[in-house]
Amino acid sequence: MIEGAHWRRWVFFYVPVTGFVVALLFPFYWMIITTIRPDKELYRPWNAVNYNPFWTTHPTLEHIHDLLTETLFSTWMLNTMLISLAATAISLFCGLLAGYALSRLKFPFAGTIGTGIFITYLVPQTLLFIPLSDIIRNFKLGDSPWALILTYPTFLIPFCTWLLMGYFKSIPKELEECARIDGAPRWKAMLYIIFPVAIPGILSAGIFAFTLSWNEFIYALVFLSSPEQKTVPVGVTSELVRGDVFYWGELMAGALLGSIPVAFVYSFFVEYYVSGITGSVKG
Amino acid sequence: MARVAMRSLNKKYDEVHAVIDVNLDIRDKEFVVLVGPSGCGKTTTLRMVAGLESITSGHISIDEKIVNELPPMDRDIAMVFQNYALYPHMSVYDNMAFGLKMRKFDKPEIAKRVQEAAEILGIEQLLKRKPRQLSGGQRQRVALGRAIVRHPQVFLFDEPLSNLDAKLRVQMRVELKKLHERLGTTAIYVTHDQVEAMTLGDRVVVMRDGRVQQVGDPMELYNEPANRFVAGFIGSPAMNFAAVRIAGQNGGLWAESEGMRIQVPEPMQKRLQSYAGKDATFGIRPEDLHIATAADPKELTFDAVVEVVERLGSEILLDVLVGTTTMVASVEPTAKAKVHEQLRLAVNPERVHFFDNETEAAI
Chain A
0 MIEGAHWRRW VFFYVPVTGF VVALLFPFYW MIITTIRPDK ELYRPWNAVN
50 YNPFWTTHPT LEHIHDLLTE TLFSTWMLNT MLISLAATAI SLFCGLLAGY
100 ALSRLKFPFA GTIGTGIFIT YLVPQTLLFI PLSDIIRNFK LGDSPWALIL
150 TYPTFLIPFC TWLLMGYFKS IPKELEECAR IDGAPRWKAM LYIIFPVAIP
200 GILSAGIFAF TLSWNEFIYA LVFLSSPEQK TVPVGVTSEL VRGDVFYWGE
250 LMAGALLGSI PVAFVYSFFV EYYVSGITGS VKG
Chain B
0 MARVAMRSLN KKYDEVHAVI DVNLDIRDKE FVVLVGPSGC GKTTTLRMVA
50 GLESITSGHI SIDEKIVNEL PPMDRDIAMV FQNYALYPHM SVYDNMAFGL
100 KMRKFDKPEI AKRVQEAAEI LGIEQLLKRK PRQLSGGQRQ RVALGRAIVR
150 HPQVFLFDEP LSNLDAKLRV QMRVELKKLH ERLGTTAIYV THDQVEAMTL
200 GDRVVVMRDG RVQQVGDPME LYNEPANRFV AGFIGSPAMN FAAVRIAGQN
250 GGLWAESEGM RIQVPEPMQK RLQSYAGKDA TFGIRPEDLH IATAADPKEL
300 TFDAVVEVVE RLGSEILLDV LVGTTTMVAS VEPTAKAKVH EQLRLAVNPE
350 RVHFFDNETE AAI
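Residue numbers (numbering that gives the first Met the number 0), protein chains in the order written: chain A, 0 to 282; chain B, 0 to 362.
Honestly, the hints are just simulated from the structure, not real lab data. Hints may be right or wrong, so weigh each one.
Stated by the list, open to error - Some, not all, of what chain A presents toward chain B, calculated at C-beta under 7 Å:
(1) 168
(2) 170
(3) 173
(4) 180
(5) 181
(6) 183
(7) 192
(8) 195
Where is the CB? At the ideal position from N, CA and C, for every residue including glycine.
Using the sequences and the accompanying hints, generate a full structural model.
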């Protein structure tokens, strides 16, 4: 909070904050309003009488109803959930062990390996999907959830490793040394002392990994083809945009319902999440 | 039962030789303090005893058993860290019980031992709290409690009091001393504070640049420092030093510098004989200087100009200029000294030190 005269607080704090809040929330508002707006209001020229894009007087749930009954949306949700959870679990497991090792164990080239892992994260997915699709085809995993469960970790593990490595480094090493003197072998010190203390970091890594896989588009688009295998982002955009016809109501309903789990996860763990990013452990 | 011995102990990092040829025998039930300025190797030595740092060469034995390759958990030691290292997600009780749980003690025994330790340290009412709800002093007690519940063979302390404020530090120092007398466990204590070292240690080990400078009981270090470094490090305010030339005259030896000429006291004459005509360092503690009276022989006095007067209540510290050398004299609280005043100081002839300029060793 900025101290000082009243007007300064308004100019430098409240006005900019309001600006950000409006800019960030407007897409969601637009999503909601489009979802509940009946078709006859949606497809009206902008110069029609009583044209009002920001409000509706006849809210309706028909788009949501259509989405759930006419499309495979619920299947997509389940697919996405399964793939995201599995990919997150695998990545978190590997990231935890790798992050711990890179931050705590002394071995040759630890620093080089750490940087190497980070660099792999920088390789764009749009480049990586070409060789990966070859691998997927060779292993005959195409058009199955495994194609994504096994490829998402290629960018999630470096990400989790890097984030957790930083977090582990912020934990005083005396905690672990003390545990080892107290009679815990390294794996027990890790399990009983380091991991519990690192929960904010682990949760942040998990939330990030989950969100990244939930929203992932390119791999899902390339590796999955049949409608009943698709994830929400791909399903909604490929099945509800037919040629040049956009089913805006259903599209927005899909986007809205699809963002609920992520929003839920974030709001639930927001406190951990913030302290995980800012990283502070006090002994 | 628990002696600790270090033989030709060395620790080398890539470029730094942190601990050089340390030989030390710590007797059973002894409280030994390692003291020295930061970077002198004292903490590294302690961490090697704990098993947290590998040994480059030499060996350490605890209770006659060489422990070089033993992991920390199998050395039967407990360590108290400077930042307490309490497990933040566990209650005080669980913090103290952790070591016992890891060693598979049964529950009633754990409860009994934790209760016992909590009583000794006066923290029974804190057992359910989390570390973040405790004050610095309370955290320190919990850290001590965690060490004593295990009844280890050796306690290791790594500057445990340096995060506390001055008043609490003095109080905890006394409690540590009492605790040691009560438990009688062998203890190795690392500090950079010479007062802590002098008050706590049965014996004190002074280290510098990875080498042991002197080992001895506190008064021995104070009265007979082995070299200039120990002399300057132990004692507060620190010993005064002056560069002098030893000159022979009328069958006696004199230490001369600009503005000061005093006779070398009788017992030291013999040892200084070979230094006649050479330079040396003269050392005198502030408390061994006093304002000269008629009773003081003239050959043990010199002129000084007062620069600063510090009134501490029980004593007055005078910062004086002797020729070009600054010295501190601790004088009676009743002494009347003013800034810029010239006065005559006398040395206590039995408490004069001389050091070789090259080796810095006491002569």
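Taking the hints in turn, this is what the structure says about them:
{"no.": "1", "hint": "168", "in the structure": "violated (16 Å)"}
{"no.": "2", "hint": "170", "in the structure": "violated (9 Å)"}
{"no.": "3", "hint": "173", "in the structure": "holds (4 Å)"}
{"no.": "4", "hint": "180", "in the structure": "holds (5 Å)"}
{"no.": "5", "hint": "181", "in the structure": "holds (4 Å)"}
{"no.": "6", "hint": "183", "in the structure": "holds (5 Å)"}
{"no.": "7", "hint": "192", "in the structure": "holds (6 Å)"}
{"no.": "8", "hint": "195", "in the structure": "holds (5 Å)"}
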